[in-house]
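**Student:** Assemble chain B onto chain A, guided by the hints.
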Amino acid sequence: MILLQLFYEFFKVGLFSIGGGLATLPFLYNMSNTLGWFSHGDVANMIAIAESTPGAIGINMSTYAGYQVAGVFGGIVATLGLITPSVIIIFIVARLLKKFKDSQLVQNMFFGLRPASVAMITAAGLGVVKIALVNIPLFEATGQILDIFILPAIILAMVLYILSKKTEWSPIILIAISAVVGVLLHLGGV
Amino acid sequence: MKDLLELYITFAKIGSITFGGGYAMLPILQREIVEKKKWDTDEALLDYFAIGQCTPGIIALNVSTFIGNKRKGVAGGIAATLGFITVPIALLVIIAMFLKNFADYTIVKNAFAGVRVCVCVLILNAIERLWKKSIVNKKALAIYVIALLLTLFDFLPLYVIVLLAAVAGVLINDKKAKKESEEK
Numbered sequence: 060m061i062l063l064q065l066f067y068e069f070f071k072v073g074l075f076s077i078g079g080g081l082a083t084l085p086f087l088y089n090m091s092n093t094l095g096w097f098s099h100g101d102v103a104n105m106i107a108i109a110e111s112t113p114g115a116i117g118i119n120m121s122t123y124a125g126y127q128v129a130g131v132f133g134g135i136v137a138t139l140g141l142i143t144p145s146v147i148i149i150f151i152v153a154r155l156l157k158k159f160k161d162s163q164l165v166q167n168m169f170f171g172l173r174p175a176s177v178a179m180i181t182a183a184g185l186g187v188v189k190i191a192l193v194n195i196p197l198f199e200a201t202g203q204i205l206d207i208f209i210l211p212a213i214i215l216a217m218v219l220y221i222l223s224k225k226t227e228w229s230p231i232i233l234i235a236i237s238a239v240v241g242v243l244l245h246l247g248g249v
Numbered sequence: 761m762k763d764l765l766e767l768y769i770t771f772a773k774i775g776s777i778t779f780g781g782g783y784a785m786l787p788i789l790q791r792e793i794v795e796k797k798k799w800d801t802d803e804a805l806l807d808y809f810a811i812g813q814c815t816p817g818i819i820a821l822n823v824s825t826f827i828g829n830k831r832k833g834v835a836g837g838i839a840a841t842l843g844f845i846t847v848p849i850a851l852l853v854i855i856a857m858f859l860k861n862f863a864d865y866t867i868v869k870n871a872f873a874g875v876r877v878c879v880c881v882l883i884l885n886a887i888e889r890l891w892k893k894s895i896v897n898k899k900a901l902a903i904y905v906i907a908l909l910l911t912l913f914d915f916l917p918l919y920v921i922v923l924l925a926a927v928a929g930v931l932i933n934d935k936k937a938k939k940e941s942e943e944k
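Each protein sequence line maps, in turn, to chains A and B. Residues in the first sequence are numbered consecutively from 60, following my numbering. Residues in the second sequence are numbered consecutively from 761, following my numbering.
Worth flagging that the hints you see were computed from the coordinates, not collected in a lab. A quick note: this is a predicted structure, and the numbers were derived from the prediction, not measured. A hint or two may mislead.
Said to hold, decoys possible - Some chain A residues close to chain B (C-beta under 10 Å, calculated; not the full set):
{"hint": "1", "residue": "L74"}
{"hint": "2", "residue": "G95"}
{"hint": "3", "residue": "T122"}
{"hint": "4", "residue": "V131"}
{"hint": "5", "residue": "L141"}
{"hint": "6", "residue": "V152"}
{"hint": "7", "residue": "L215"}
{"hint": "8", "residue": "A216"}
{"hint": "9", "residue": "G241"}
For each residue, glycine too, the CB sits at the ideal point set by N, CA and C.
Excised from the complex, chain A in its bound form (with noise of 0.2 Å):
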């Protein structure tokens, strides 16, 4: 009975939650105050969890919060939840584009969605920039500008450019690469 429930919280959460993975959190807050599946505490440590695991972050955080519930049947049926809807809304989407896809409206419509499209990857990358390559609260804590610049975290940047221009190496050895450096030399600042 419980997964039952659980996996119709979580398919609101699916059928509510427009724009990714941390549009989840207000409902997981909300989940946390009114059913007391879980506390706020744990929610945050979801987040965490969920950012240092691969993975889409909504998943990872239904999978824990389900878990957290009803053990590793909770895990998969509050996923399986959280995915349904818009699977079947990508469905219907995907059978209207296929469609209209020559039909000059929606040409001129893609003219307009690629470019934003772009732009939100952009600002995903400035994103992640700002906590990886960047170290601000030092910068305003010193007021060095120097300070502002994480050196080890920059050179390893440009030496993943490189090889990225250079080689054929999939992302994953980079990403191995990039993990290992990381721990050699402590990016964590741990």
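**Tutor:** What follows is chain B alone, placed relative to chain A:
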């Protein structure tokens, strides 16, 4: 069946190396889906991201469903989506069982500080590649700049920005089409 299995495995692989949510998935999709498997184009990926931003649910999954659906219909969409979530679910269950403080471990913090640097570079690569295909003229550049500023300064929800961009695309090109037909 073989195709579905291939979709499932491909997306399981993508799901296990996508760190940091939807947009970090793009460089990996370009490599696996566009270059290696040739299942889709760069332009189509951009369209999926734009649509995935406006439809409910998680962007990475919306994109996975789209690609799977294009290749093998509804079953393909489901196979790709389930593939994408398999490894994260398994990992999260293990963490929830044994490693509640996972995010606090020194080695995890340092490794992820490194991975985030790599994600910056991968996203930069993706943008360079998509630039030529999407910013085709000055009007497209204007839409890019305005959308970027609106996003960075958090003026509007992202899906509203995407919808406005679609409207802008229609208005700009309608005018052009009218002008051309008048000239004729």
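**Student:** Confirm or reject each hint.
**Tutor:** Now for the hints, and whether the structure bears them out:
no.	hint	result
1	L74	holds, 5 Å
2	G95	violated, 18 Å
3	T122	holds, 4 Å
4	V131	holds, 5 Å
5	L141	holds, 7 Å
6	V152	holds, 6 Å
7	L215	holds, 5 Å
8	A216	holds, 5 Å
9	G241	holds, 2 Å
Violated hint for the displayed structure: number 2, the only one.
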